Amino acid sequence: MASTDMADKDVLVDIFTRADLIMQSDIKFRQMIGAGQLQIVYYPVRGQEVVSSAMMAAVNQDDYLVTIYRGLHDQLAKGIPSKELWAEFAGKVTGTCKGKGGPMHITHPATGVMVTTGIVGSGIPIANGLGLASQLEKDGKVTVCCFGDGATNIGAFHEGLNMAQIWKLPVIFLCQNNLYGEHTHMRDTTGSASIKQRGEGLGMRSVQVNGNDAGAMYAAAKEAVEYARAGHGPTLIEAMTFRFHGHLLGDTSHYIPKEEMEQAKKDDPMPILRQQLLDLQISEADIAAIEAKNAAIIAEASQFALDSDYPPGDEYRIDVLDVEIAA
Amino acid sequence: MSETAEKPKDIMFAQALNMAMNKAMADDPKVILLGEDIADKEGGGVFKVTAGLSGTYGTDRVRSTPISEQAIVGAAVGAALVGYKPVAEIMLMNFITVAMDQIVNHAAKLRFMSGGQTSVPLTIRTTTGAGTGLGGQHSDMLEAWLAHVPGLKVVAASNPQDAYGLLYSSIMDDNPVIFIENTPGYFVKGPAPAADHTVPLGKASIPREGTDITLIGYGSSISRCHAAADKLAEDGISCEIVDLRTIAPFDEETVLKSVAKTKAAVVVHEAVRSFGAGAEISSRIHEELFSDLRAPVGRVGSGYAPVPFSPTIEKAWMFSQDDIEREVHKILG
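Protein chains in written order, with my numbering: chain V, 1 to 327; chain B, 1001 to 1333.
Hints in this document: simulated from the structure, not taken from any laboratory. Any given hint might turn out to be false.
Unchecked claim - In silico DSS-like pairs for lysine-lysine, Cα to Cα no more than 30 Å straight-line:
#1 Lys1189/B x Lys138/V
#2 Lys138/V x Lys83/V
#3 Lys168/V x Lys83/V
#4 Lys1009/B x Lys1330/B
#5 Lys1231/B x Lys1261/B
#6 Lys1009/B x Lys1189/B
#7 Lys1261/B x Lys168/V
#8 Lys1257/B x Lys1231/B
#9 Lys1023/B x Lys1203/B
#10 Lys168/V x Lys1041/B
#11 Lys1023/B x Lys138/V
#12 Lys1263/B x Lys1048/B
#13 Lys168/V x Lys1023/B
#14 Lys265/V x Lys196/V
#15 Lys1048/B x Lys1023/B
#16 Lys9/V x Lys92/V
#17 Lys1203/B x Lys138/V
#18 Lys258/V x Lys9/V
#19 Lys1189/B x Lys168/V
#20 Lys1048/B x Lys1231/B
#21 Lys1189/B x Lys1048/B
Please read these numbers as outputs of a predicted model, since none were measured by experiment.
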């Protein structure tokens, strides 16, 4: 059951607007890669739209985000303008990072996106540093740190959560638990019954929530944000979700039992959230207008990415250090 | 012999480092220190290098941490991204191995991968060095690993004055800097720096001028270069010494200028000779000055083995003053 009572109408519309942009962007990326218009490694996010959208709806634009290579949903939900994001995915000079980061290293400080890492679990210690800076500055900001269930098996998770807890850092550790680390099911890699238990073992306030339920996810996110802003410290949110297109594009998900995938698709958070809006008397026309606006943003952004230039080769000598490296 | 009023007081290396951090923290409220046992309650650092700083600046800015090197460096990286100038102490250089992901994949690359939108003005202080029986996991010199990573600066001082100036410059630098200290050297004394003494990064010094051969070193190798040069002078050989001070990126101009003059060179470091920093420096000299050299550039380093424990094997393994003298004689024939 979806808990619509936990978030008001405007919030749900906001979450839907972000989530639909993510869903449509993911579809378009897969389409363009399939058609050979983009040659990139892509980590699909279809199925995880609501987790990020509800989380980011609960924070401000100047709050910090640290995310991972499967990060398109987090980055869009946090508000990175689509044009720059698409151009960076395509490696173009007009991208957020001048084409020097690519899909796995999206950075956009203007919307608080400070790090996207391609190393599983490594964002966690860095998120602590952002939180430490906020604690010292007393700027009231929180840091959201996204990672998957697989990251909880690497040392950085345990070191990082422990440090955040002893220092009461304003960090929200958002574990998007899609049940698979690359091709292996969580039950074969994880000694504890849940990720929440691991947080509890480290002394941290920890909650498990159906991340695909916009109202419940938003309520959990909001509570964690308020807890952190009040100076009480970090929260681990284990948001249960699923990914519909495997670890990376081209992965056939052969390791996922057919019934499990079918059930997950039946529980697709996107039509459920759309229906929730209709149930709240938001008209089909209003919803269609949101979708059309998102489609237009994506059409413009993807074309911008295709039309933009690649950076000049000499660009590799810039930004290595604070001075240009000699040719 | 009486002391004159002008003669600077001698201080230990460790004190010079403490003074540099003290000045940096006084000058800039964004300077913070993180590391195991670094606050006074825990002893002010295992070698007392941070002693007193938590008392002056508080434990918000001078934080003792759990034994979690990834978390220490990661926290320093994150704080650096938003304007702090963290100094992370990784107690011993071998412990850097468990934080290499944060150093190599993140500290070194975030400026580049973000297209210059962010930077990581972080300093990692770490100590190491053989000769006192610390064995295989507490005394490795791993500077070549770090020097090979674009985006990192690697620094090692050879005397208290330089240590003071170089550490201050490292903290204020807008790039990630690995600052390598020498454990046996902490208690070596040298002239105290003036409070405003500075040493720029990337600039070598020439502490001894000579005409026959250039000895190039850094950190713990410099005192042995001086001792060898004194001995060689008795045989009528005049050595010039280049103290790199910054290992990466190294001051090619000073090195090449000196070798162009002497037409012979030996690179000297404590690190294992094979694939060491000396190979790169030697190679650059050959590339630029091959036809001017009287003989191929020599290299002195320690043996191809982990640092041994027993004093007899450790001594045999470790580079020495004798090795330098032998190499110089070989080159000059």
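Going down the list of hints, with the structure as the test:
no.: 1; hint: Lys1189/B x Lys138/V; result: 42 Å, violated
no.: 2; hint: Lys138/V x Lys83/V; result: 33 Å, violated
no.: 3; hint: Lys168/V x Lys83/V; result: 37 Å, violated
no.: 4; hint: Lys1009/B x Lys1330/B; result: 40 Å, violated
no.: 5; hint: Lys1231/B x Lys1261/B; result: 21 Å, holds
no.: 6; hint: Lys1009/B x Lys1189/B; result: 10 Å, holds
no.: 7; hint: Lys1261/B x Lys168/V; result: 59 Å, violated
no.: 8; hint: Lys1257/B x Lys1231/B; result: 24 Å, holds
no.: 9; hint: Lys1023/B x Lys1203/B; result: 22 Å, holds
no.: 10; hint: Lys168/V x Lys1041/B; result: 20 Å, holds
no.: 11; hint: Lys1023/B x Lys138/V; result: 24 Å, holds
no.: 12; hint: Lys1263/B x Lys1048/B; result: 43 Å, violated
no.: 13; hint: Lys168/V x Lys1023/B; result: 29 Å, holds
no.: 14; hint: Lys265/V x Lys196/V; result: 24 Å, holds
no.: 15; hint: Lys1048/B x Lys1023/B; result: 17 Å, holds
no.: 16; hint: Lys9/V x Lys92/V; result: 38 Å, violated
no.: 17; hint: Lys1203/B x Lys138/V; result: 39 Å, violated
no.: 18; hint: Lys258/V x Lys9/V; result: 36 Å, violated
no.: 19; hint: Lys1189/B x Lys168/V; result: 41 Å, violated
no.: 20; hint: Lys1048/B x Lys1231/B; result: 35 Å, violated
no.: 21; hint: Lys1189/B x Lys1048/B; result: 16 Å, holds
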